[in-house]
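2 protein chains.
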Amino acid sequence: MKILALDTSTSKIVVYYRDSEKIITQTYMGKDKHGRNLGVVMNNLKNLNINFEDIDVVGIGIGPGSLTGLRVGISFALGLSIDKKIVAIPSTKLIAANLMNSGKNIVITRKARQGYIYGAIYDEYLNTIVEPFVESIENFSKELEKMENFSVIGDGAEYFGGNLPEIYHYPEPSRLGYLVEKEVELGNFVEKVEPLYIQKSIAEINFEKKNQRKDG
Amino acid sequence: MKILALDTSTSKIVVYYRDSEKIITQTYMGKDKHGRNLGVVMNNLKNLNINFEDIDVVGIGIGPGSLTGLRVGISFALGLSIDKKIVAIPSTKLIAANLMNSGKNIVITRKARQGYIYGAIYDEYLNTIVEPFVESIENFSKELEKMENFSVIGDGAEYFGGNLPEIYHYPEPSRLGYLVEKEVELGNFVEKVEPLYIQKSIAEINFEKKNQRKDG
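First to last, the protein sequences are chains F and Z. Residue 186 in UniProt numbering sits at position 186 of the first sequence, with consecutive numbering throughout. Residue 185 in UniProt numbering sits at position 185 of the second sequence, with consecutive numbering throughout.
It is worth saying that the hints were derived from the structure and are not from the lab. Among the clues, some could well be false.
The list cannot tell twin chains apart, which means a pair is met if one copy fits it or any two copies do.
Unchecked claim - In silico lysine-lysine, DSS-like type, Cα no more than 27 Å apart, as pairs:
#, residue 1, residue 2
1, Lys104, Lys182
2, Lys2, Lys104
3, Lys200, Lys104
4, Lys46, Lys22
5, Lys146, Lys104
6, Lys22, Lys33
7, Lys146, Lys210
8, Lys104, Lys142
9, Lys31, Lys200
10, Lys142, Lys22
11, Lys22, Lys111
12, Lys46, Lys33
13, Lys46, Lys146
14, Lys142, Lys2
15, Lys104, Lys209
16, Lys85, Lys111
Based on the provided sequences and hints, a complete structural model is requested.
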């Protein structure tokens, strides 16, 4: 089975390729636009004799993150994915994978519009504790005060006293491959891919959960 | 400052490049010989307009590991490093960086000759607890029985009940960059680079330590 996966939800383009003989990863993080750089990175794969038509599964990081960046990556992935299986990975979970097996819950925070962050919370095995949300920095600071035994990563970690090295804040291709291959094993494929566009606050998510429990 | 770093101590070629505008990483893990693949990976960097003559610092993973693989990488790095500064990183520490900040000590084990492993032990902040050694699987299993609160990674982890995903067992380019940049900040440059060739057992290392204490 041949797998190609990419994530363009942050300023770092992340690409993973695997077939029965080799695993190749590439990342590019710079100031230029994603469109141009993604082309160069993909050309590099071609130089390594990767034929995109042979791919069986396309894995895509669906955000939340920069909509412009996400659209570049998702469009490219969709172009490749005709007649192929598709796996969608939340980019917050992908960042959380940088700290899995750390014995702590993992709080992901990404810069959103002025004064706000996107966030999500996972346990050390990447089970979802709070699904992706958008929240003001002020409100989320208060939420974190109630929590214990967690680490904060992502490019919004600076607002919440996160002090881990910068390498934790951005997706890693090997962890993208790990997550995509887990979904392939489970047969978790999707028909359609769209950027994960988050509008709910933590309060709204909690409110819905409560009502779901009542309904059930 | 422009930094190029590589590690070829395992079956995974790991390359990291950074300048003031961008960070690029590449990895290639396959069955072919390192010589050919390293050339292709380096050509990819040239396609991204990286000029090797402009590099200020060359970082090198010095093993322990496959001597053939190490020689390919170290020769290449030395070829680049004329008139440049050199940073040397033990490849066991590089693998340990995959699990830093996990709240546990990190035991690295790499397959060596039949029945033996290379190993090293670090705390979660990558301070050295036991420097690289070679030991029989049997003896090292007994050593581990005396230890608490640790994780085992590296391609020898299977001998010692290590059950973390495979992605922990091989070097990662972003963590190579992190370690090299820390040495650059500290001004820890070296004049000569040779593969780390390990002949000492744990018993010998402990014996020497004891004598050093007596001398001091």
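Query raised in the report: How would you classify Lys142 and Lys22 at a CA-CA limit of 27 Å: within, between, both, or neither?
Result: neither (46 Å within a copy, 35 Å between copies)
Requested in this report: Could you figure out if Lys46 and Lys33 sit no more than 27 Å apart (CA to CA) within one copy, between two copies, both or neither?
Outcome: Both ways: Lys46 and Lys33 sit 21 Å apart in one copy and 19 Å across, limit 27 Å.
Query raised in the report: Quick one: Lys104 to Lys182, C-alpha cut-off 27 Å, is that within a copy, between copies, both, or neither?
Result: So Lys104 and Lys182 pass the 27 Å test inside a copy (21 Å) and across (26 Å) alike.
Query raised in the report: Is it within, between, both or neither when you check Lys104 against Lys142 at 27 Å Cα-Cα?
Result: The answer is within: 19 Å in one copy meets 27 Å, while 29 Å across copies does not.
**Report entry** Alpha-carbon proximity between Lys200 and Lys104, which holds within one copy, between copies, both or neither at 27 Å
**Finding:** The answer is within: 25 Å in one copy meets 27 Å, while 36 Å across copies does not.
Requested in this report: Up to 27 Å between alpha-carbons, please classify Lys104 paired with Lys209: within, between, both or neither.
Outcome: Answer is within; shortest intra-copy Cα gap is 24 Å, inter-copy 35 Å.
Query raised in the report: 27 Å Cα cut-off: does Lys31 pair with Lys200 within a copy, between copies, both or neither?
Result: neither (30 Å within a copy, 47 Å between copies)
Query - Intra/inter-copy verdict for Lys2 and Lys104 if alpha-carbon distance must be at most 27 Å - result: Answer is neither: 34 Å inside a copy and 35 Å across each miss the 27 Å cutoff.
Query raised in the report: Using 27 Å as the alpha-carbon threshold, which applies to Lys146 and Lys210: within, between, both, or neither?
Result: within (19 Å within a copy, 48 Å between copies)
Report task. Using 27 Å as the alpha carbon limit, work out where Lys22 and Lys111 are close: within a copy, between copies, both or neither. Result -> between (35 Å within a copy, 20 Å between copies)
Query raised in the report: Checking Lys142 and Lys2: alpha-carbon separation at most 27 Å within a copy, between copies, both or neither?
Result: neither (45 Å within a copy, 41 Å between copies)
Query - Homo-oligomer pair classification [Lys111, Lys85; C-alpha up to 27 Å] - result: The answer is neither: 31 Å in one copy and 36 Å across copies each exceed 27 Å.
Taken one by one, the earlier hints fail for this structure at numbers 2, 9, 10, 13, 14 and 16, listed in ascending order.
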